[in-house]
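Chemist: From first to last, the protein sequence lines stand for chains A and B. In this text, residue positions in the first sequence follow the numbering used here: the first is 1, and each later residue adds one. In this text, residue positions in the second sequence follow the numbering used here: the first is 1, and each later residue adds one.
Keep in mind the hints are simulated off the structure, nothing from the lab. Ideal Cβ positions, reconstructed from N, Cα and C, are used throughout, including at glycine. Mixed in with the good hints, there may be bad ones.
[Unchecked claim] Some chain B residues flagged as far from chain A (calculated, every beta-carbon gap over 12 Å): (1) 34; (2) 68; (3) 216.
[As the list claims (entries may be wrong)] Straight-line alpha carbon distances no greater than 30 Å define the calculated DSBU-like cross-link-like pairs of lysine-lysine that follow: (4) 113(A) with 247(B); (5) 247(B) with 234(B); (6) 70(A) with 2(A); (7) 234(B) with 246(A); (8) 234(B) with 212(A); (9) 2(A) with 249(B); (10) 212(A) with 227(B); (11) 119(A) with 249(B); (12) 119(A) with 158(B); (13) 255(B) with 115(A); (14) 25(B) with 71(B).
Residues per chain are reported as follows:
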Amino acid sequence: MKYYSYFPGCSSSEGTSVAYGMSAQAIAGALGMELIELEDWNCCGSTPYGSTDELEAVCIAARDLALAEKTGLDLVTPCSSCYTTLNRANSFLRQYPELKGKADECLAAGDLKYKGEVKVRHLFEVIYNDVGLEVIESKVINPLCGLRVAPYYGCQLVRPEPGFDDPRNPQSLDRLVASLGAEPVPFPLKDRCCGGSLIIPELDLTLCLIHKLLESAASNGAQCIVTVCPLCQINLDAYQNMVNRKFRTEYNLPVLFFTQLMGLALGVEPKSLALNKAIVSAETVLSPYTKVAEPAV
Amino acid sequence: MEIKAYLMIKMERKDGGDGERDAVKELEEMPEIETVTPVSGEYDLVGVATVDTPKRVTGVANEIKAKEWVKDLHFLKVEPASPNPFLDEVCSTPGGESIRWCAQCGLCSASCPNVAQMDYSPRKIIALTRAGRRYDILTSNTMWICASCYLCTARCPKGVKITELMHALERLSTRRGLHYGRATSAMYRAFIDSIKRNGRVHELGMMMKFYLLTLSTGKINPLATIKMLPLALKLLLRGRMSIKPTKIKGREQLKTIVERAQALGGTR
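Same shape as in the complex, but just chain B (with noise of 0.2 Å):
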């Protein structure tokens, strides 16, 4: 996240001339300054300066304190450097930046099939979002029981890819850690395991792996999972689910791509 840092700084001695404009231009040098402001009273000089973390505006107040002309530096206000970093976050995602064109006229939530369990409807979690309402949405089950339909996509009047926001926003809850216990999130953990286990999804296996998942969160009653063995036994019956999983050759190809990915830090 981007910070807005406002340092002021007293000189060691200012005896207006050279020294100040000397002092204005070494600061304005530094990458992370963006203005200089010569101010009079107690201070001397007003910096701006924007770094990508927190931890760097230390980095930098250290440098200038460094310097010998400096006296002295006071943190007047850091503050995150977007009013709405969350907006930006979700902006910045592929697919994200269409939400700044909703104009709120609800057919996306009008078209959801599963709108009635959700605990914010689509058009909500787009006004939450602008609103910068992270906590909530990314705590909420809205995403996590979004059907990947499209039609809400599909009929929407401004061009808005609300099922691109609805992936981004459970790619967020989980980068998070928001998403403990969504039964959903522990599907797809296990389908994603299949593959980096095979190259494929063997769906018995990935099944297995899920009810061991959230058995473990005690989110689904075990009960549930007896409840499908008959279904399992007459799709095994049929030839429709296989026992032992089918590997891919490119196994270590697959896995050189997924950790370069990794190594590169996602676009999540």
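Extracted from the complex, chain A is given alone in its bound form (with noise of 0.2 Å):
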């Protein structure tokens, strides 16, 4: 068993993604993983802190790096946009001499000490490369044969620093999908961005973004989507239908997390799964894999 130190991120811990935060810790067991929750952590920032108070946007992060060095333990996290703060809260404490004095300054008001040698980490990261493709293809008991399905890497898991895997044309997850039996369709906008937050204030924006990925998925024969990222899986599931109104398409694509569709392939109870969240119902697609299959709400 490995044992990390786990950031689920307020959208995932009960919010809009708590699909994701449910099946994350629904596999992780069958992946001889312990994701320990963090004791008591606070919200990262995200972007929104970020673009209005530096130095306040770093100290909120380094609040969390701080509690988590206690355990020392790596501390892994679902959320893309989670993963990127946190990261970058990181890298500018290393690399802004003047911010990491003051940041420290505020951190000791708190009683808080922030040494810097946390290692965040990404949810699908750990699963790729600490237990790898080779356990999970031997943990298949249900193999997803015939799905095809188009990994969506979204902006945040491969950029902006180059990561675990090529910024420019990701392939991790495409390998992820085949090790379960199922197909990655070729998905030319894989990286490309959903608007992210900018879904609440810029809405005609954004579902002009998503409208562009469902095209793309769709017009590649995917039968669903699955993504990293809980801002990515709220705008392309829950935002379906309104672009569906907006440029009178008919998209019906479910919008899957990775570690649904790893639990279903995984043989783990598919309640647990939390799959009746989505707003797309993913049940006619998924009703060959699923032996209990779930009600729609």
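Assembly of the complex is requested from the two constituent chains, each provided in isolation within its own frame, with the hints serving as guidance.
Modeler: Here's what the structure looks like:
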């Protein structure tokens, strides 16, 4: 069993992406991982805080990093935005001594200290690298043969820093999908933006971005889209209906978290994967693979 | 903003020799004075002072006037210490320094998913920043519709951190009060408000606050809000919206940290 400090992030802990958090915990055991939730974590601040006040933003992210440092474990998050934000705070603290000095003083005011040793990792990267495709393949008891999946990386998994996969043409999620027995379809827009939180203030602009993504996935024959980010999931899933009305299209593409897809293949009890929380129901597409089909609410 | 002032000083009694030498020495000992040069004509000395705020210019002048050997003092010129204070300001924020490397190739603009709707493309924003066009930039919509997708940053051949630049411009615009009416800015405010209140973002509360803020600016049609209700209902029914916020235990600690950061003036 490998242990990790776990940072679910606001939306996966109980918000719009609660299904992500639930399915992540549901598959962790089967993969020999234990995700120990970071005690009393706070929101990472995401883009809004960094775009309002730099020092405050770095400090609130540093509170989480300081708490994680005490555990001595890698800090794992399923959310691409948390992943980028916490990493950004980490690299800013390393890069800018003046900022570090001020941040240290602020943390000290809250009786905290951060040395700068926490490694922030994305849940997908941990599963891909630490567990590995061979082990995953060996654990698949319910191969998803014939399921055509569009692997959607989104922005902040492979960017801005070159990380574990090629930022120009990432392949890791394609390989993971294939290791589950499913078929990754060509998806040229796989690392393009869904608009993220701009969906709230700039609805029309963001619907255009979502439309392009859905079109790219559907025209390549995908039956569903699989994502690694809570924001990508809600934008593509919950706003699909609005895209259909705005562009007179008829997309009906379920958008799954990669953890849900893995759970199905690994034979995890479908109920614990919270598949019924999606707006675009995956029931028809997944019915060959779920023995106990869940009714949509 | 740093200010450079050129001061003409007339001495009480110019007798050449020691008096002038001592006067130059005395002025040079003032921390604000960069150089002092004796000149001939109506005035006897020219001093160049650099101060951090415009207010200090008068302070320095009064300090010199108070010296008993000074008869008269006259400002020749007062100007910003740097030819482009806005560029300096941008470059002093984390990540902002990288815009000096830009070669204006336009790959950022070509990569941007939202460029068609922007007042100025990312490449133009960099060119305008380097030209010191502060007001045009800070009142534009460009940074407010940046989706932080980092495609420009990942592709830039010169390593310019364009996404960080956009965040820096949002901060500068907000600090100068030029953000008013931008919906994205209202969303940021609602988001941060939720963090400060609970320690985490409570999505439902955040959304409600956002709509209240935008309604009060009159920039968003109230009908747009009503259009969102069916979606909100669907999310609620599926248990994807919690009614009550979760509050962390360390709220006081978080507050202390944030307040200290505010006291330190931030690195905006």
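Chemist: Hint by hint, say whether it matches the structure.
Modeler: Hint-by-hint comparison with the structure:
1. For residue 34(B), the shortest C-beta to C-beta distance to chain A comes to about 24 Å, beyond the 12 Å cut-off, and the non-interface label holds.
2. No Cβ of chain A comes within 12 Å of the Cβ of residue 68(B); the nearest lies about 42 Å off, and the non-interface call holds.
3. For residue 216(B), the non-interface assignment is confirmed: its Cβ lies about 15 Å from the closest Cβ of chain A, beyond the 12 Å cut-off.
4. Of the supplied pair hints, the one linking residue 113(A) and residue 247(B) holds, its CA atoms being roughly 23 Å apart against a limit of 30 Å.
5. The straight-line distance between the Cα atoms of residue 247(B) and residue 234(B) is roughly 25 Å, inside the 30 Å bound, and the hint therefore holds.
6. A hinted pair counts as satisfied when its Cα atoms are at most 30 Å apart, and residue 70(A) with residue 2(A) qualifies at roughly 17 Å.
7. Restraint check: the Cα-Cα separation between residue 234(B) and residue 246(A) comes to about 19 Å, which is no more than 30 Å; the hinted pair holds.
8. Using a Cα cut-off of 30 Å, the hinted pair residue 234(B) and residue 212(A) holds, with the two alpha carbons roughly 24 Å apart.
9. Straight-line distance between C-alpha atoms of residue 2(A) and residue 249(B) comes to about 28 Å, which keeps the hinted pair within the 30 Å bound.
10. Among the hinted pairs, residue 212(A) with residue 227(B) is consistent with the structure: their alpha-carbon atoms are about 22 Å apart, no more than 30 Å.
11. Between residue 119(A) and residue 249(B) the alpha-carbon distance is near 24 Å, which keeps this suggested pair within the 30 Å criterion.
12. The straight-line distance between the Cα atoms of residue 119(A) and residue 158(B) is roughly 27 Å, inside the 30 Å bound, and the hint therefore holds.
13. Pair hint residue 255(B) plus residue 115(A) holds up; C-alpha atoms about 21 Å apart against a cutoff of 30 Å.
14. Among the hinted pairs, residue 25(B) with residue 71(B) is consistent with the structure: their alpha-carbon atoms are about 17 Å apart, no more than 30 Å.
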